[in-house]
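> Chain order of the listed sequences is A and B. When the letters of the first sequence are read in order and numbered with our numbering, they come out as residues 1 to 379. When the letters of the second sequence are read in order and numbered with our numbering, they come out as residues 1 to 379.
What the hints contain is simulated information worked out from the structure, not anything from laboratory work. Certain hints may be false.
Stated by the list, open to error - In silico DSS-like pairs for lysine-lysine, Cα to Cα no more than 30 Å straight-line: (1) Lys97/B <-> Lys206/A; (2) Lys252/A <-> Lys228/A; (3) Lys309/B <-> Lys228/A; (4) Lys215/B <-> Lys213/A; (5) Lys255/B <-> Lys4/B; (6) Lys232/B <-> Lys3/A; (7) Lys4/A <-> Lys252/B; (8) Lys232/A <-> Lys206/A; (9) Lys252/A <-> Lys4/B; (10) Lys87/B <-> Lys130/B; (11) Lys379/A <-> Lys287/A; (12) Lys225/A <-> Lys87/B; (13) Lys87/B <-> Lys228/B; (14) Lys4/A <-> Lys232/B; (15) Lys225/A <-> Lys130/B; (16) Lys97/B <-> Lys130/A; (17) Lys228/A <-> Lys97/B; (18) Lys79/B <-> Lys156/B; (19) Lys87/B <-> Lys278/B; (20) Lys232/A <-> Lys4/A; (21) Lys175/B <-> Lys156/B; (22) Lys212/A <-> Lys87/B; (23) Lys3/A <-> Lys39/B; (24) Lys87/A <-> Lys228/B; (25) Lys206/A <-> Lys156/A; (26) Lys215/A <-> Lys225/A; (27) Lys2/A <-> Lys39/B; (28) Lys87/B <-> Lys215/B; (29) Lys225/B <-> Lys225/A; (30) Lys228/B <-> Lys309/A; (31) Lys87/B <-> Lys79/A; (32) Lys215/B <-> Lys232/A; (33) Lys39/B <-> Lys309/A; (34) Lys79/B <-> Lys124/B; (35) Lys130/B <-> Lys206/B.
Protein chains: 2
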Amino acid sequence: MKKKYIVTPGPVDVPPQVLLAMAQPIIHHRSPEYTPIFKEVNEGLKYVFQTANPVLTFASSGSGAMESAVVNLLSPGDKMLAIVGGKFGERWFDIGKAYGLDPIIENVEWGYGVDPGRIAEQLKNNPDIKVVYSTLCESSTGALMNIKALADTVSKTDAILVVDAISGLLTTPLKTDEWNIDVVVGGSQKALMTPPGLAFASVNNKAWEMVKKSKLPKFYFSWDKARKNLEKDTTPFTPAITTIFGLQAALKMIKEEGIENVWKRHDRLASAMRAGVKALGLDVYTKAVAPTLTAISVPEGVDGKAWPKVLRDKFGVTVAGGQGDVTGKIIRIAQMGYASTFDVTVALSAVELSLSDMGYKVNIGAGVKAALEYLDQNK
Amino acid sequence: MKKKYIVTPGPVDVPPQVLLAMAQPIIHHRSPEYTPIFKEVNEGLKYVFQTANPVLTFASSGSGAMESAVVNLLSPGDKMLAIVGGKFGERWFDIGKAYGLDPIIENVEWGYGVDPGRIAEQLKNNPDIKVVYSTLCESSTGALMNIKALADTVSKTDAILVVDAISGLLTTPLKTDEWNIDVVVGGSQKALMTPPGLAFASVNNKAWEMVKKSKLPKFYFSWDKARKNLEKDTTPFTPAITTIFGLQAALKMIKEEGIENVWKRHDRLASAMRAGVKALGLDVYTKAVAPTLTAISVPEGVDGKAWPKVLRDKFGVTVAGGQGDVTGKIIRIAQMGYASTFDVTVALSAVELSLSDMGYKVNIGAGVKAALEYLDQNK
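Please build the complete structure, drawing on both the sequences and the hints.
This is how it looks when you write it as structure tokens:
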């Protein structure tokens with residue numbers, strides 16, 4: 001018997017309420033039983049995305065909604081700017097390339113946020129950039145981008161800003177309408193506490209104007225089709241009905257807690273986690289820390305590829321290792337979505353015990369103590 | 001209290017084993033716990049698709065996999081042939097149009113199957129047709145296409161045959177490798193007895209050769225990406241983990257029953273259903289009947305748009321109405337996937353009671369009696 005915990009930055013632990021909602025018998029998606037459910041989900045998504053604009057839902061992974069934010073906005077040969085500070089920023093570039101666009105990269109050092117001044121400069125030097133693509137939290141590094149400043153910069157130009165908020169959504173304030181963010185992309189399996197299989201895109205009027213001119217081919221991910229159907233509270237293609245049931249239950253929990261409290265909770269837990277990490281003499285890898293996840297630098301003398309395996313196989317705690325350039329150099333732990341005080345305790349306890357088990361000298365209990373002190377002092 | 005039944009041609013009733021499997025806690029999709037599950041699912045899919053070739057899995061509706069069978073095979077301006085005998089045949093044409101192809105339509109009268117001789121002629125007159133797209137069962141009419149003969153015709157040419165088996169798969173024999181079908185597309189929410197959200201494409205070597213030359217843009221639905229990941233028992237993007245759990249349970253049930261028995265069961269239940277319909281003096285709309293679903297012509301004097309609503313709202317039985325050209329003219333009932341003897345009884349009882357309730361003179365019990373007699377004599 002080994003009790004198991006998942007503390008990766010997605011997919012995340014799904015609350016029992018959500019799992020039980022998903023065990024309901026199937027109903028037909030073109031029926032008066034389904035309509036009010038999808039309506040409620042759409043209202044809930046607007047709240048989560050902090051927008052009065054339609055939030056389109058797709059049966060796909062988050063990457064599908066990312067692709068939708070390229071094919072519905074641009075035309076062959078168009079110039080786009082991808083802010084790349086990790087694996088998911090790179091994905092914007094890859095999608096642009098796949099669709100024959102002319103993607104410019106704004107490289108950001110891994111672990112750091114983007115300098116909005118650089119983007120202003122890029123837009124000035126390349127006035128033909130149609131869309132700026134950014135992540136909110138770059139999951140591969142844990143870095144938070146200053147989306148408010150970025151939106152401030154981009155909204156003054158003809159370009160539009162698309163934000164991949166797949167991992168960041170709900171973990172940190174993102175005020176879509178108030179900040180003038182044109183498009184926000186999300187996924188179900190992060191702080192939305194629902195299994196993977198649903199992806200979302202909120203689209204404002206400035207972006208819809210661009211949609212009208214877009215000539216890239218699209219069918220399944222067509223925003224136009226999705227919006228026309230959304231007006232009738234439905235989707236153009238069979239939705240992932242069961243996952244919609246789950247999302248309905250998750251959105252209800254989020255509404256009950258209140259989005260400001262959800263943001264605060266993530267910030268508080270991530271701060272406690274970082275306090276614990278530092279108290280153990282370990283380094284937080286990320287410079288521009290997001291409350292989405294904590295990336296811990298693998299200390300010298302520890303095998304960084306083996307560490308996540310020890311955590312998982314010996315202690316039952318699944319964390320994420322590093323990807324791309326930081327493979328073997330960091331581990332990533334999230335208190336995301338359905339996470340509370342004692343998820344921090346579990347994660348830090350596992351970090352301490354696993355390091356000691358791997359022969360690394362660690363002051364057992366010091367991390368947990370520091371985290372608890374932080375939590376006790378910051379209620 | 002009203003007990004509810006869903007007898008639409010998808011989504012279909014999901015067995016409790018599958019629902020319970022989906023209520024399991026989330027695990028990470030890049031973990032040694034997930035790998036054997038996905039491996040088992042992939043083996044099961046090969047069995048269902050009757051192929052030794054890889055079956056690619058996407059987190060999407062069936063239409064996403066249909067789109068994948070266009071964008072991975074063709075290049076801008078390519079000629080394709082869409083066999084159109086209903087709404088889903090039309091979808092092949094629509095996707096081709098959306099991607100700037102040159103789609104030819106082979107019109108088939110609704111409710112009828114396609115004449116393979118016509119396709120041979122089309123291919124002879126248009127030797128530049130690269131791909132022939134057909135449905136297996138056209139869900140909007142219940143018509144079965146003679147895929148064996150079609151594959152026989154197409155396999156003698158350089159063209160390849162793509163079959164949309166989303167609704168037909170498992171309800172009728174489809175021998176992908178033995179019949180030389182190049183690509184078969186499927187979905188989770190039909191006779192695979194799993195909630196919607198997964199779509200599949202089996203691809204043979206002749207089709208893979210075409211994939212190499214295809215120049216249409218693709219990213220999320222890239223077969224090349226999917227195959228490379230499948231070789232490592234994974235997917236390029238986060239899979240719909242929970243739905244994969246469900247599919248694993250469903251595939252286990254299918255394997256235990258044996259695919260020949262699954263085919264026979266569908267044929268037997270559909271035959272009993274048709275016997276019941278005829279005994280009530282009603283007409284089966286479809287000429288080339290598929291064992292996938294039964295399309296009943298709305299008898300004169302009955303409001304065909306109201307009938308499905310009466311069935312659902314007054315009797316708790318959800319059926320599908322007609323789509324497109326046959327809106328209000330037919331109702332569609334399926335004994336698909338998790339269906340047995342008494343699903344036929346329920347459907348026919350509901351047909352009888354609802355017709356009587358709507359003031360149509362019906363010999364109550366005659367349909368059920370005829371169906372039971374058929375079932376009793378054909379074990």
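> Next step is simple, just say for each hint if it's right about the structure.
Taking the hints in turn, this is what the structure says about them:
1. Straight-line distance between C-alpha atoms of Lys97/B and Lys206/A comes to about 27 Å, which keeps the hinted pair within the 30 Å bound.
2. Straight-line distance between C-alpha atoms of Lys252/A and Lys228/A comes to about 26 Å, which keeps the hinted pair within the 30 Å bound.
3. A hinted pair counts as satisfied when its Cα atoms are at most 30 Å apart, and Lys309/B with Lys228/A qualifies at roughly 24 Å.
4. Between Lys215/B and Lys213/A the alpha-carbon distance is near 23 Å, which keeps this suggested pair within the 30 Å criterion.
5. In summary, the hint linking Lys255/B to Lys4/B is supported, as the alpha carbons are separated by about 28 Å, within the 30 Å threshold.
6. A threshold of 30 Å between alpha carbons decides the hint, and for Lys232/B with Lys3/A the separation of about 28 Å falls inside it, so the pair holds.
7. Of the supplied pair hints, the one linking Lys4/A and Lys252/B holds, its CA atoms being roughly 25 Å apart against a limit of 30 Å.
8. Of the pairs offered as hints, the one joining Lys232/A and Lys206/A holds, with about 23 Å between alpha carbons and a cut-off of 30 Å not exceeded.
9. At most 30 Å may separate the alpha-carbon atoms for a hinted pair to count; Lys252/A and Lys4/B meet this at roughly 25 Å.
10. A C-alpha spacing of about 22 Å is found between Lys87/B and Lys130/B, which places the hinted pair at or below 30 Å, so the restraint holds.
11. Between Lys379/A and Lys287/A the CA atoms are separated by roughly 25 Å; this keeps the pair inside 30 Å, and the hint holds.
12. For a cut-off of 30 Å, the pair hint linking Lys225/A to Lys87/B stands: about 16 Å separates their Cα positions.
13. A C-alpha spacing of about 33 Å is found between Lys87/B and Lys228/B, which places the hinted pair above 30 Å, so the restraint is violated.
14. The hinted pair formed by Lys4/A and Lys232/B meets the criterion: a straight-line CA distance of about 25 Å does not exceed 30 Å.
15. Only pairs whose Cα atoms come within 30 Å are accepted, and Lys225/A paired with Lys130/B is accepted, the gap being roughly 28 Å.
16. Among the hinted pairs, Lys97/B with Lys130/A is consistent with the structure: their alpha-carbon atoms are about 26 Å apart, no more than 30 Å.
17. Of the pairs offered as hints, the one joining Lys228/A and Lys97/B holds, with about 19 Å between alpha carbons and a cut-off of 30 Å not exceeded.
18. Proximity of Lys79/B to Lys156/B is assessed by CA-CA distance (about 18 Å); at most 30 Å being required, the pair is judged to hold.
19. A hinted pair counts as satisfied when its Cα atoms are at most 30 Å apart, and Lys87/B with Lys278/B qualifies at roughly 26 Å.
20. A threshold of 30 Å between alpha carbons decides the hint, and for Lys232/A with Lys4/A the separation of about 43 Å lies outside it, so the pair is violated.
21. Of the pairs offered as hints, the one joining Lys175/B and Lys156/B holds, with about 17 Å between alpha carbons and a cut-off of 30 Å not exceeded.
22. Of the pairs offered as hints, the one joining Lys212/A and Lys87/B holds, with about 26 Å between alpha carbons and a cut-off of 30 Å not exceeded.
23. With a C-alpha separation of about 24 Å, the suggested pairing of Lys3/A with Lys39/B holds against the 30 Å cut-off.
24. Between Lys87/A and Lys228/B the CA atoms are separated by roughly 19 Å; this keeps the pair inside 30 Å, and the hint holds.
25. Taking the CA atoms of Lys206/A and Lys156/A, the gap is about 12 Å. The hint holds against a cut of 30 Å.
26. For the suggested pair Lys215/A and Lys225/A, the alpha carbons sit about 15 Å apart, so the restraint of at most 30 Å is met.
27. Simply put, Lys2/A and Lys39/B have alpha-carbon atoms about 24 Å apart, close enough for the 30 Å limit, and the pair holds.
28. The suggested pairing of Lys87/B with Lys215/B holds, with an alpha-carbon distance near 27 Å, which does not exceed 30 Å.
29. This hinted pair checks out: Lys225/B and Lys225/A have alpha carbons roughly 26 Å apart, not beyond 30 Å.
30. Using a Cα cut-off of 30 Å, the hinted pair Lys228/B and Lys309/A holds, with the two alpha carbons roughly 24 Å apart.
31. For the given pair, Lys87/B sits about 38 Å from Lys79/A by alpha-carbon distance, which is inconsistent with the 30 Å threshold.
32. In summary, the hint linking Lys215/B to Lys232/A is not supported, as the alpha carbons are separated by about 36 Å, beyond the 30 Å threshold.
33. Under the criterion of a C-alpha separation no larger than 30 Å, the hint pairing Lys39/B with Lys309/A is consistent with the structure, at around 21 Å.
34. At roughly 13 Å between alpha-carbon atoms, Lys79/B and Lys124/B fall within 30 Å of each other, so this suggested pair holds.
35. A threshold of 30 Å between alpha carbons decides the hint, and for Lys130/B with Lys206/B the separation of about 12 Å falls inside it, so the pair holds.
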